[in-house]
Structures are given as structure tokens and as C-alpha cells.
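Protein chains: 2
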Amino acid sequence: MLSCRVVLVRPRDPNNIGAAARAMKNFGFTDLAVVAPYAPVWTEAVSAVNATDVLTSARVCDTLAEAVADCTLVVGTADRTRVEWKQPLFTPVDLQRELSANSHRLALVFGSEKHGLTNDDLSFCHRVLSLPTAPDCPSMNLGQAVAVCCYELSRDEAGRSAAPVVTAAAGELETSLKLMLEVLQLSGFLLPGNEPVRTRKLRQSLLQAQLSSQEVSFLCGALRQIKSQLEKGTHET
Amino acid sequence: MLSCRVVLVRPRDPNNIGAAARAMKNFGFTDLAVVAPYAPVWTEAVSAVNATDVLTSARVCDTLAEAVADCTLVVGTADRTRVEWKQPLFTPVDLQRELSANSHRLALVFGSEKHGLTNDDLSFCHRVLSLPTAPDCPSMNLGQAVAVCCYELSRDEAGRSAAPVVTAAAGELETSLKLMLEVLQLSGFLLPGNEPVRTRKLRQSLLQAQLSSQEVSFLCGALRQIKSQLEKGTHET
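Keeping their order, the protein sequence lines are chains A and B.
If you count the first sequence from 1, position 110 lands on 983 in my numbering, and the numbers rise without skipping.
If you count the second sequence from 1, position 188 lands on 1061 in my numbering, and the numbers rise without skipping.
Any given hint could be a false lead.
Given that identical chains are not distinguished, each listed pair holds provided it fits within a single copy or across any two copies.
In silico DSBU-like pairs for lysine-lysine, Cα to Cα no more than 35 Å straight-line [claimed, not checked]: (1) 987 with 1051; (2) 987 with 1100; (3) 987 with 1105; (4) 1051 with 1105; (5) 987 with 1074.
Source of the hints: derived by calculation from the structure; they are not laboratory data.
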């Protein structure tokens, strides 16, 4: 069985949360995480009479980074019209191809009903999945988008790879990103004005690169050495 | 484009009617017929602020027979546990096969939220489509079931992959590798003993990462900055 976590970021409607959980259960998925829900909304969703066990056992996280830290493939969802950023778009077919080529702990991330995922949210995603909706009505209801994605993921289990995971987890990449940012700050490449954009860009490049755990620890070793050398220079000045 | 009418039989919840119409529009379908809706419910659905043109132009019929009279393939939907009747079950794959083999005016028929399609309703259907839901949670929400079916019907045209990103040429990668090696030498991470192995390792990681030209020039910018900072430190010593 495919390991897939559904992550709802800042959901605003208890009915949609319930519908998302129901759709997961319809297609055999049980791992739900919710990021920064509005407390009264979350309470209402979980205490609804038709709340599923998926919902009552969901994990509530403060940040998206926390919700996907152990996942090796983080896929954000967005309609094509909203992705301003130059991130490669995944179709459902691309996703199936990736899942049959490599073994993954997958997270599927959905934004709030009103605004979807922000550019900052998307920077935590390896890929952006766009369902092939009509140009004149691209934006789907949250519960329905979760239903379609869960359906799509459950429709072909056979061809999946059982090879062991070698891809670094999102948490390992964040560790290397943190070191990288420190080095770039020390060297003056990161300035208050460009920091948010460059941070997102770097995170994206790291995610796209699909590095192995081994490569990430090599990278961290190199970065630590550069950092200590830069700090030495700074102290000597 | 496939000709497909969605038929809702005795729907009871205005939200579900609206959600069904929205999902149709998401996947490019516009032909909606409603059979014997409860009048106040129907009025509420059509007059909702977010009512789509699909909804306002829907045809209201007294009977299912009337709603599907001009269709050549009428497909009822039901979860497997509810079909007592000895009617051959269609999977989504079977439906795709039939639609690619023969030209059809298709009707997809959905029952009421509470009871689904009756045996009498099903008798008007050429086939019964059952979505592959989990045995412990087989019954889908109406709006979500319509979304999944419309998605499935539109997916053939959707299979095309998004445009590929322009991958950096090997020469660009070598330029960035050269800079990287200079930085690592300046910081003492590369030593005569480990240099050949680490250089090969870095080159491999760069190649595997399939960076875009844009990412490579960003990388080179960062490396140049680090390098100049490291050289400054060295000269000041």
C-alpha cells in the first residue's frame, strides 16, 4: 500500500475538513495532518456527528515543515492559474510515473479554500500537482480536490516500486538549507531585502535535486567547513 | 470532446447540487439534468450566490426515462455493497474502454444522498459504474462522486505532461563545479588526498540534480560571493 499523508494547510470550513477525511477513507488513506487550523473550526470538524476516525486521529502541526518532515516526496496542489512561480507542474500522470519509479513517503498538500497554498508553502514542495481542470473554472472545492487526488492515487497500485527509499527526507534538506543560509549570510549574499525570495529559491532547488541522504550529509560537511572558515575571517577582521 | 450528461435523481441537499455542478464545470462538462428534485431544495440550489451557469441552465425532468431519452449509453453509479441486482458492474477502466471503442452520447446517473439509485432507476441504465472505494467506507459524498467521475472522464485529454524545464548544459555545470571547488579549497574542505574523489562526487550530484540554467546561474552567483568573502579573510590573515 502506498504511504500517503494528506496535509490541509489552514483549512477554514469544517464541512470541507470532514469531506476531505471522508474521501481519504473512501480510498483507503488514513494519515491526515492539519497545519495551523483556526481552532473553533477544527473543534467543530472533529466533534461533528459524522467525524471519521481519520479526523479524530489527525495530527495538528504548527508549520508545514513539521507536517512533512519525514516525507520524501512533498506534492503541493494548485490550479495552474495560481502558480506564478517557475516550479515544474506535475500532472497526475507524472505523479503516477514518479511513484512507480521510486519508493516514496508521499505527502499531498492542500491550501486553504480561499487562497490555496502561498508561495512560501509551495517552496516546501518538491512538486506542484495541478489537476487538469477547465481554464474557465480552474479552482476546485477542497473536499472534491482531495477526493479526486485520493482516487487517482488508489487507482493503480500494481506498478509501484518496492525499492528502499534513498531520497533524503524533507527534514534533512531543511538542515542543509539552514547551514546554507548561514554561509550565505556570512558571505553577504543574503541581505534583508532578498532573503525571503532567495530562501524559497534555494529550498526549491534542494527539493528538485532529489538528493540522497548520503549526498545531503556530504553537503552539510562542506557547508560546516565553509562556515567555520568564514567565521574565522570575520573574527580576525 | 466527449458528450456527457450528468443526471441527479432526487437530490436532497442544495450544497451537493451546487458542488456537483461546480465539479462538472471544473472538468469541462455543462449538460446537467435533474430528476424530480424536491422543489424548495432545487430553488435554493439555483438561487445560491455561487450557482454556476451549469446549474441555471439545467433541465428539470419528471422521470429518469425522460432525462436520458436521447443518450446511447446510460451509466448508473452505485457502491458495490448496494447493487443487489445482477447487473454487470463497470469499473472506470471498463467505461474508458467502451468510450474509446464506440462513439456515445453518455449519461452518468447519480442517486439521492441517502438511498442512491433504486433498482427501478438502475433498470434504466445500460451499465452500473462502481468506483473502487474501500470496503469499510464504500459510500461517497454525492458532490465528490460527481467530481471523481468527471475527472475520470476528462483524464484522457489530460494525460499530456506539462512542458519540461530547460535543463542546464554540462558546460554550465562544469563552470559551477569549478567555482565550488575553489570555495571548498579556500575553506579547507578539499585536500590533496580527497580531492579527486570529492570532485567526482560533486560532479555526479550536480548532474543527477538536473538543475535548470536559471538555478545554475543563481548557484554561481552565490559561490562567487562566498569565494570573494573567503579570499578577503585569507588576505587579512
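Alpha-carbon proximity between residue 987 and residue 1074, which holds within one copy, between copies, both or neither at 35 Å = within (25 Å within a copy, 45 Å between copies)
How do residue 987 and residue 1051 come out at 35 Å by Cα distance, when the copy is not named: within, between, both, or neither?
-> For residue 987 and residue 1051, only the intra-copy Cα distance (31 Å) is at most 35 Å; the inter-copy one is 46 Å.
Status of residue 1105 relative to residue 1051 across identical chains (alpha carbons, at most 35 Å) | both (19 Å within a copy, 24 Å between copies)
Is it within, between, both or neither when you check residue 987 against residue 1100 at 35 Å Cα-Cα?
-> This pair counts as neither: shortest intra-copy Cα distance 42 Å, inter-copy 45 Å.
Up to 35 Å between alpha-carbons, please classify residue 987 paired with residue 1105: within, between, both or neither.
-> Neither. Shortest intra-copy (49 Å) and inter-copy (50 Å) distances fail the 35 Å Cα cut-off.
Checked against the numbered hints given earlier, the structure breaks hints 2, 3 and satisfies all the rest.
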